[in-house]
Structures are given as structure tokens and as C-alpha cells.
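Enquirer: Protein chains in written order, with the numbering used here: chain A, 877 to 1139; chain B, 752 to 1036.
Watch out, some of these pointers could steer you wrong.
[To be verified] Which chain B residues face chain A? A few, computed with CB under 10 angstroms, are given here:
| no. | residue |
| --- | --- |
| 1 | 799 |
| 2 | 829 |
| 3 | 843 |
| 4 | 844 |
| 5 | 845 |
| 6 | 856 |
| 7 | 901 |
| 8 | 904 |
By construction, these hints were calculated from the structure, which means they are not laboratory data.
Built from N, CA and C at the ideal position, the CB exists for glycine as well.
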Amino acid sequence: MLKNITLGQYILRDSLIHNLDPRMKIMITMLIVIGLFFIGSFWGFLVAGAYIITVIAFSHLSWKVVIRGLKPVMFILVFTIVIHLFFTRGGVVLLEWGFLRIESEGLFTGLFMAVRIMLLISLTSLLTLTTSPIQLTDGLEYLLNPFRRFGLPAHELAMMMTIALRFIPTLLEEADKIMKAQQARGADFESGSIFRRAKSLVPLLVPLFLSAFRRADDLAMAMEARCYRGGEGRTRMKELSFLSRDWAALGFSAGFIIIFIIL
Amino acid sequence: MFVELKDVHYRYQAGEEDILKGVNLEIEKGQFVALVGHTGSGKSTLVQTINGLLRPTSGQVLIEGREIRDWESPIKVRKKVGLVFQYPEHQLFEESVFKDIAFGPKNLGWPEKEITEKVKQAMEFVQLDYEELKDRSPFGLSGGQKRRVAIAGVLAMEPELLILDEPIAGLDPRGRRKLMDRINWLNEEQGITVLLISHRMEDAARRAQKLFVMNQGRIVLSGSPQEIFEQRDELYEIGLEIPPLNEVLWQLRKCGYPVRTDIFTIEDVEEEILRHWRGFRCSKI
Ligand SMILES: Nc1ncnc2c1ncn2[C@@H]1O[C@H](COP(=O)(O)OP(=O)(O)O)[C@@H](O)[C@H]1O
Ligand SMILES: [Mg+2]
């Protein structure tokens, strides 16, 4: 059952995009996301779409992977379009049927919003697809470091994220095991009313939480045994440094941003 | 035949390598059999096909001559074939020992009175005191007790075949011996067919009537413990070691002493060695 869930959607490739500095990738993604909100015409979206296609091409990933990332937000896309169709007024009347009325402004805004969401999601999923969780948290830690003087625990946040990501597959595996063990005792997780199903989760969740706490405790002990005491004075094995390709990527992306905002 | 596997293949993910690569296996009613193999050889995967938790990608699993998917419901199969997972104490969840053991019988829809009876009996089977422990939280018990509560949780469903996946892993030597003795007792006195899984030969050696040795998704050797331990070198090759006692006899034989190698208890081995000690002079030992 649980084996269908694919998490940690990083896909290892040896590509230009994969090898970029994670800090640069995060910053560029943020810039583009902001840029997407300033786009005022469909032409702008077309250019932004072209940008994303270029990135996919350079990342040696297949189309399907990026499209698959859109599936979970399908509902939101449809919902957005439907809401705008029926509730945004203006322009010419396209369709009138009883109390329902669709006007051109509604159709336009709905599509506009949907395209924006689609671009946002594909862009951010491209970031996680091409950047390993470790690189991602490393990059975040670097970027958050300047805020430490305002009391932001940058290192701790990054460490928490790393650990959480690290334990997702472990917990899924554990859940699968416990589920099977309870099924061996005749438990039924798949049928019955919603209420019964919720109740049938107790034999799964109690042992799962216990095991998560046990693991957390063990890990904390193990880290302390190896003298971990937070980020203070900690040096890194791999220092991040910007290379010329990172600056090139920034320049390239900035060019696109300017174009699609102007359009 | 009570349980029969015919050319069972299994893989977890389409496109990946088979984890079970054509397993054939037969268990007769009342037998005590053991499945031995290196970690990762597919033992746990194999036994999950026997109670229908995993459906083979190809091949057949027959319980009492009927294929599992032809049974009316999976629950019926799981009642007949009780499976105790590795570290079963990790699946405890109820607030009291009684409730936890009663979880299985409840799922079978038995009446209240019968459930109480079966819980009592299951606790007796694993030597837990009913009156003393029934209202205690299972989480406050010792490791060995927790494990026995979990095993009782499966026994309470009155399975005819009891499969135990590495039941003594992580217990201290005395806890191991006691639990193994009890499993033996369940087989001999209660007539429960037992399939014991272990990655160590010596756990299985003395008790099982038949051993199945697994390697990389296949059963590579099967037979009585005596027959299996004769194949010391083959076992060595797939990363298994025969019990230390048998290894001693084996080494003695290599040195030219014609000792028997098909005995398992420390007393028998002692006698055998002493017999030869007297017969030959002790110059060589
Ligand atoms: N839920 C699972 N999903 C994918 N692969 C698994 C799963 N469980 C076990 N495996 C793989 O199957 C192989 C056999 O595992 P297992 O049956 O647990 O062996 P054993 O019990 O003999 O140690 C191992 O290589 C393991 O990685
Ligand atoms: Mg195993």
C-alpha cells in the first residue's frame, strides 16, 4: 500500500542544473517566483514557460516527472478556474444558463491564475528534483546565516529539516511493517465506514509514534555521544562556493525575468 | 499436505529483481520446521506469502490444498496461519495486556466470553500470569515479557500453524532458552505446527525436525538437521555456520578422528569425544 508513495523526489543526474550551487538555485527560484507574480500578460507566461522548458532540457530530466509533480495540485487548478469562471464578472457574456453566467473576464482570470500556479509548482518541483535534500538544507543554512544575528537559529532549522527528510522513508517502512503485523492479527484497514476506519488506525499510530520517539531519542543520544552541540564553531567538510556557471545561470535567469515582466 | 508452496516468485516493485526466485516448500501438520538463511535471503518475505499478506507474483501457495486467494476471506487464512513478526513487541498498542492480546480474537468476531478464555489460555501458553498482568500496561513490562505478550496476541487466535520470525533475536541467553523451550512445548504438547525463522543454525538445530536453508531467494538445502550439517562446506559458502558443537566434531574429523557429526546436545558430544579420547591416545588433541 505504502510502497506507492514516492517521497524525497530528488532524481540523481549529472547535469548542469544538478551541479549548480544550491544557494544559487534557491535564490534564482525565489526571484523567478516573485517575477511570476508580476507577469501581466499571457505573453509573459509564454516566456516563463519557455524558461522552464529550457531548465528541464538542461537538467536531463524527462517531461513526465515534472508533469507528475502537477498531479497533486490538479484539484486546486480546477477549483481556481471554476471559481473565477462563475464569480468573476466583467467583459462580454459568454454563456448564460439559469442563474449561472460566465463572462469573459472570469474565463480569462481563471486561466491566468491556473497557468501561474502551474508554473510555480513546476518551478519549485524542479528545484527539489535537481537538488538533493542535503544540498537543499545546506544551501538554506548558508542563506539563513546572516539572520542569525537577529536570533534566527539557522543551523538548528537546517539540521531539523535534514533529520526530518532522512526519517520519512524510515517511518514509512516502519508503518508498513506495523500495518502488516496488525493485519496478521486480523486487523482491517481497508473497509468499513469512515469512523471505523479512523478507529482502525489506532493500532497503527500508537506503535508508530512510540517508534518515532524511540528513534528520536536514540538519535539524540548518538549525536551527543559524537559531541554534537549545535552549530556553534562547527566547520564543514564541503564549503560551498560560487563558480562561473552559477553566475551565468543567474544572468540567464535574470534576463528571462526582465523579459517576462516587461511583456 | 498442510502447507505447500509451488514455484513461488515475489518482487516488491515491478521492474526490480525477484526477491523470491521460485520457492518450493512443504510443511506437514504437526511438524516443527525451521527456515534458516543469511539476513536478506528473503525469509521474512517468504513467510508473508504463507498467510496472504503478500501475494506471489507467480506460483501457488496452498493451505490445506486450497490456494490462498480461493479462501473466503483473508481473515480465515490469518486465523489458521499465525505470523509473529520480528520484534513483535513493537506492535503493542493497547492500554492493558488483556486488551492487546484480545485484539486478534476481537477481529475474528468471537463472543466476549470465549475471548476471555482464549486470552487466559494464550497467556498460560507463554507462561505469563493472567491475574497479575492482565490489567497492566504492556509498555511497562520487561523486554522478554513484552515479547511474550505479543506472541500471546497471535496464539490467542488459535492458529494451527505458528510462524515465528526470529523470535529470540535480542533476548538474553536465558530468555532465549526459555522461549525456545516453550515453542517446543507448543509444538509437542499443543500440537501446533511451528515454522521457526532464524539466521543462526544453532537456534534451529536441536528442535526442528526439518530445516530449509535459504539463499538469495531460493531454498538451496532441505532435510533433517543431521543431513544439513553434513554439508558444512556448502553452508559455509553461503555465509552460514553450523553450530559450534558440530564444528568441533567436524574439525576433529578433519584431523582424522572418525567421530560422529550428527549429534547436537553438549552431553552427546562430550560422550562422543571422550569415547575417542580413550580409544586413541591423546597425543593429537
Ligand atoms: N517492504 C519491502 N520493500 C522492498 N524491498 C524489501 C522490502 N522488504 C524486504 N525487502 C528486500 O527483500 C530482500 C529480502 O528481505 P527479507 O525477506 O526481509 O530477508 P530476511 O528476512 O531473510 O532477512 C532484501 O534485499 C530486502 O531489502
Ligand atoms: Mg527477516
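Enquirer: Against this structure, judge whether each hint is valid.
Expert: The hints, checked one at a time:
1. 799: 7 angstroms, holds
2. 829: 6 angstroms, holds
3. 843: Result: holds, 7 angstroms to nearest chain A Cβ.
4. 844: At about 4 angstroms, which falls below the 10 angstroms cut-off, the nearest Cβ of chain A leaves the hint on residue 844 (chain B) intact, so it holds.
5. 845: This interface hint holds because 8 angstroms falls under the 10 angstroms limit.
6. 856: 8 angstroms, holds
7. 901: 9 angstroms, holds
8. 904: Hint on residue 904 (chain B): holds, closest Cβ of chain A at ~6 angstroms, below 10 angstroms.
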